[in-house]
Amino acid sequence: MGQDETLALAAAGGDAAAFALLVRRHQSDVRGLLRRLTRGDAALADDLAQDTFLEAQRKIGQFTGRGRFSSWLYAIAWSRFRMEWRKRRLEPLDDVEVAAPDAGSAARLDLEKAMVKLAPAERAALTLCFALGQSHEEAALTMQVPLGTLKSNVARGRERLKTLLAGWEP
Amino acid sequence: MNQDLDTLLNTPLAALADDGFSSRVTARIARRARIENALTWGTFGLCALVLLAFLPIPTLITSLVQLATTPAVVVSAGILALVWAWEPRMFRL
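Line order of the protein sequences matches chains A and B.
Numbering follows our numbering, in which position 63 of the first sequence is assigned residue number 983; successive positions increment by one, without gaps.
Numbering follows our numbering, in which position 71 of the second sequence is assigned residue number 78; successive positions increment by one, without gaps.
Be careful, since some hints might not be right.
Said to hold, decoys possible - Incomplete in silico selection of chain B near chain A, CB under 10 Å:
#1 Ala-21
#2 Ser-29
#3 Ala-37
#4 Pro-65
To be verified - Below, computed lysine to aspartate or glutamate pairings styled on EDC-like, alpha-carbon distance capped at 16 Å:
#5 A:Lys-1037 - A:Asp-971
#6 A:Lys-979 - A:Glu-1032
#7 A:Lys-1082 - B:Asp-11
#8 A:Lys-979 - A:Asp-1030
#9 A:Lys-1082 - B:Asp-26
#10 A:Lys-1037 - A:Glu-925
Keep in mind that the hints were calculated from the coordinates and are not lab data.
Glycine is no exception: its CB is placed at the ideal position from the N, C-alpha and C atoms.
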């Protein structure tokens, strides 16, 4: 069992300091994932990240310690995002102003811009499987979709990215 | 191209500075716990007040005293006391 899982079990036993430490350890990845999903809307992503941690704290007793704590947390973040996305279907996400991501290089900036064009499920699948290092099985559990669907999202997203990035090449 | 894309995708997400985010989350958790505590104890107190106001306390006390002095309750309590006192000795046999 890793350090996160030990901390999560301590938090489930009522150790508030252990949960505070988990928030500090995971805030960057959870906010980063949600920024990608919200197409760079930092304020919305941070609101959703706060809700994610609040929900995680309320449900921490349900964490069994069998899987990775981060996967459990990303599943809550994904579900929070989906709830928000469904709500905003009335006012499409296209209206959201896309902020420039904190990117370190031009290629990375291009990637973030291309990511915006993908469907949310494709963005989530690619981010979980590549940037956050989840296996396909873990990502399927996180997104609560069959493994085949997850793999399709990864393949489709990758193909679309390749086309988009090739179109932008000088 | 494929390799470049994979390398790019595999790059970890840019690290975001905390900038008070964790403190805001823990403050919200603490506030929620305070509200839940206040609600629990408030409800408990309200129920206790309603009970005290409407229960016929003297009648209940008289009934309990009468019940406690009936032979059935006295004998049962005696048996329980004896078992409780002798139980450790019985296990040592």
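Would you pick out the hints that fail for this structure and give their numbers low to high? Numbers 4, 5, 6, 8, 9, 10 - these are the hints that the structure violates, sorted from lowest upward.
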